[in-house]
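> Now for the letters of each chain:
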Amino acid sequence: MSASTLITGIGLGSMYGLLALGFYVTYAVSRTVNFAQGSAMMLGAVLTFSFAVTWGWPMWTAILASLALCTAWGVVVERVGVRPFVRRGSDAWLMATVAMGIVLENVVLFTFGKDPRGMPPSPLTTESFYLADIKVQPLQVVIPVAGIAIAVALHWFSHRTRHGRALLAVVQNPDAARLMGIDVTAAIVVTFALSGLFAGVAGILIAPLFIISSTMGTLFGIKAFAVAILGGITNAWGVMVAGLVYGLAEALITSLLGSTYTHIVTFALVIVALAARPHGLFGRAEVKKV
Amino acid sequence: MTRRNHQSSTPFRRGLAIAAATAAVGLLAALPLNAADPVKLGLVAALSGPSAQSGEAITRGLTVAMDEINAAGGILGGRMIELVRRDDESSPPKGVIAARELIFKEEVAAFFGGIDSPVSLAIVPLANKSKVPFMGVWAAATPITRNKADPNYVFRVSAVDAIVDIKLLQYAHSTFGASKIGLMLINNPWGESNERGLLAADAGNDDVEIVGVEKFENNDVDMIPQLTRNKDKGADALVLVTNAPPGAQMMKSRDRMGWDVPVVSHWGISGGRFPELAGPTAGDAHFVQTYSFFGEQGEAGKRVLAALVDKFDNINGPEEVFSPVGTANAYDAMHLLAKAIDQAGSTDGDAIRTALESLGRHEGLIKTYDPPFSAENHDALNENDYIMVRFAGNQISPIE
Numbered sequence: 001m002s003a004s005t006l007i008t009g010i011g012l013g014s015m016y017g018l019l020a021l022g023f024y025v026t027y028a029v030s031r032t033v034n035f036a037q038g039s040a041m042m043l044g045a046v047l048t049f050s051f052a053v054t055w056g057w058p059m060w061t062a063i064l065a066s067l068a069l070c071t072a073w074g075v076v077v078e079r080v081g082v083r084p085f086v087r088r089g090s091d092a093w094l095m096a097t098v099a100m101g102i103v104l105e106n107v108v109l110f111t112f113g114k115d116p117r118g119m120p121p122s123p124l125t126t127e128s129f130y131l132a133d134i135k136v137q138p139l140q141v142v143i144p145v146a147g148i149a150i151a152v153a154l155h156w157f158s159h160r161t162r163h164g165r166a167l168l169a170v171v172q173n174p175d176a177a178r179l180m181g182i183d184v185t186a187a188i189v190v191t192f193a194l195s196g197l198f199a200g201v202a203g204i205l206i207a208p209l210f211i212i213s214s215t216m217g218t219l220f221g222i223k224a225f226a227v228a229i230l231g232g233i234t235n236a237w238g239v240m241v242a243g244l245v246y247g248l249a250e251a252l253i254t255s256l257l258g259s260t261y262t263h264i265v266t267f268a269l270v271i272v273a274l275a276a277r278p279h280g281l282f283g284r285a286e287v288k289k290v
Numbered sequence: 001m002t003r004r005n006h007q008s009s010t011p012f013r014r015g016l017a018i019a020a021a022t023a024a025v026g027l028l029a030a031l032p033l034n035a036a037d038p039v040k041l042g043l044v045a046a047l048s049g050p051s052a053q054s055g056e057a058i059t060r061g062l063t064v065a066m067d068e069i070n071a072a073g074g075i076l077g078g079r080m081i082e083l084v085r086r087d088d089e090s091s092p093p094k095g096v097i098a099a100r101e102l103i104f105k106e107e108v109a110a111f112f113g114g115i116d117s118p119v120s121l122a123i124v125p126l127a128n129k130s131k132v133p134f135m136g137v138w139a140a141a142t143p144i145t146r147n148k149a150d151p152n153y154v155f156r157v158s159a160v161d162a163i164v165d166i167k168l169l170q171y172a173h174s175t176f177g178a179s180k181i182g183l184m185l186i187n188n189p190w191g192e193s194n195e196r197g198l199l200a201a202d203a204g205n206d207d208v209e210i211v212g213v214e215k216f217e218n219n220d221v222d223m224i225p226q227l228t229r230n231k232d233k234g235a236d237a238l239v240l241v242t243n244a245p246p247g248a249q250m251m252k253s254r255d256r257m258g259w260d261v262p263v264v265s266h267w268g269i270s271g272g273r274f275p276e277l278a279g280p281t282a283g284d285a286h287f288v289q290t291y292s293f294f295g296e297q298g299e300a301g302k303r304v305l306a307a308l309v310d311k312f313d314n315i316n317g318p319e320e321v322f323s324p325v326g327t328a329n330a331y332d333a334m335h336l337l338a339k340a341i342d343q344a345g346s347t348d349g350d351a352i353r354t355a356l357e358s359l360g361r362h363e364g365l366i367k368t369y370d371p372p373f374s375a376e377n378h379d380a381l382n383e384n385d386y387i388m389v390r391f392a393g394n395q396i397s398p399i400e
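Protein chains in written order, with the numbering used here: chain A, 1 to 290; chain B, 1 to 400.
Chain A extracted, bound-state conformation:
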């Protein structure tokens, strides 16, 4: 594998990992996920483009506003697409979150337009430096650094802060946590907000590298879910590492066999890996006491 391909794999893998952390954070606490994470990612990219380019806001204002709205979108998904079904003991949230993603994509289609757009050049993509004869753009460094930093922050938050420990308590026993005065509903809302926030960060980071359109997140969302399962969805580090493994595998397979085989081989490898380790590469089987 050439160094350029390696950098490509790490960059894409970080994106998948970041998006997959959104699956992890909600599943770990509530055993539910937003299956439309890809749509939330698209929302981050579309909003940032609209605020910064169409409306001419300063970039940092646009980014902060986009992240705030993506976080709010996560809350809406939980309130509308998850909670009503979980309360009735139904698994229909699976379909409800998919449906909300489709609705979001179509709303964006009609408001943002059907014409794909591109972020204007920025120093993150026009400047470059050489690392052992390999040209590297700053964004290619920012993406993995952001992904790993978020994984570290998530780990620190959940293990070192009072609120994080409260979340872990909800994971272990929601009823006991409730009796101890922890607001379980609020804890779950926070995880969906974080899920939306991570997707927004991924969308903003990928926007300068990709084309911005209402459908840009679809395939990303599917791959991120595969990564989350592959990593063992209850392990933040596992999910992030699985993202990097998946990204590198994609780049390596394309490099060796050509892109015709990329999706065939990578998804086949996911199946093989899960057949060998049903709880993911870094997950552990749940112990059920009876």
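Hints are not guaranteed to be accurate.
Derived DSS-like pairs: lysine-lysine, alpha-carbon spacing no greater than 25 Å straight-line [stated by the list, open to error]:
1. A:K135 with B:K339
2. B:K180 with A:K135
3. B:K302 with B:K339
Derived from the structure by calculation, the hints contain no laboratory data. None of the values given here were measured: they were computed from a predicted structure.
Given the coordinates of chain A, assemble chain B onto it according to the supplied hints.
Just chain B now, with coordinates in the frame of chain A:
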């Protein structure tokens, strides 16, 4: 008295009026067509999605030509042409549904196609089976017109992959001195059509050798692995075949890996916001076109450009005519089709097909067609009609 007369005459008059109205309705129903009925011509093209600009450019060309024809009295002794558009969203199944609607519901006399070869290839069997002429104005896949149907109802005023591919290899050698070519092809029927065409062109060209054939998907974010494979095989120029969004992704990947290899492209990249999507290196791609509104214009060029400026608020000159190839091809195609319908003397598909195959000399925008088509050749343009261009900012500028 008067009143009585009036009362006595009313039933008679009413009966007369009813009889006259009945006769008029019967007469109208008996007439096959009113001389004022428009002749409907269809368009199936991408009017939304990544290639939406191409559909708009085609519409502009067709509309300007249609307005000229209608202003001059129409066709078939005074019937106006009416354009009925349908969006294929760059999707072959949607294109076929749209074509069926145009043929069977709208009953168009003939219809035009859009930029996407996979869509046009899917429509070809329907056009031949329904015996309704289908005129391509952009999609360049070789089998669109060379489809082995007899009789063949598919014609084209556009480039042909098999011929473009010869031109692209020649240009890579003559302009950049390239001898080892790496191919970067979209993974769809259009890419496959060009893969066959480029390999055939390579076999007949002693100056260049194709050293790598790489494919990519429409939504690939990063194409550095494919580019690296071509680089490792020694490619000193790339031939690109794709539409604007994935083409832009390839240019960005090429830039990221710091490989300033020359890029010679088919014209798909001109059908969208390529300069915006590709960023600063968009101008590095040299690509083929059939017409440019820049430079000295002939009579037809001046007339069409004036009409475009007059008709569309956002056009003030050649720099605002995005995707000029779609506009120019569509303009000539509309005139040729209208001429054929006039010559056929009817809107019967078979009569129009025969007329197209026997049309005489026509002074068009792109060139003088003499003749445009024959029974053996349904492609109006050939290698002598192609020019090479590049993006200068958002404008398509000819390369001397």
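> So, for every hint listed, does it hold in this structure?
Hints, verified against the model:
1. A:K135 with B:K339: Violated, at about 57 Å.
2. B:K180 with A:K135: holds (24 Å)
3. B:K302 with B:K339: Holds. B:K302 to B:K339 sits at ~21 Å (cutoff 25 Å).
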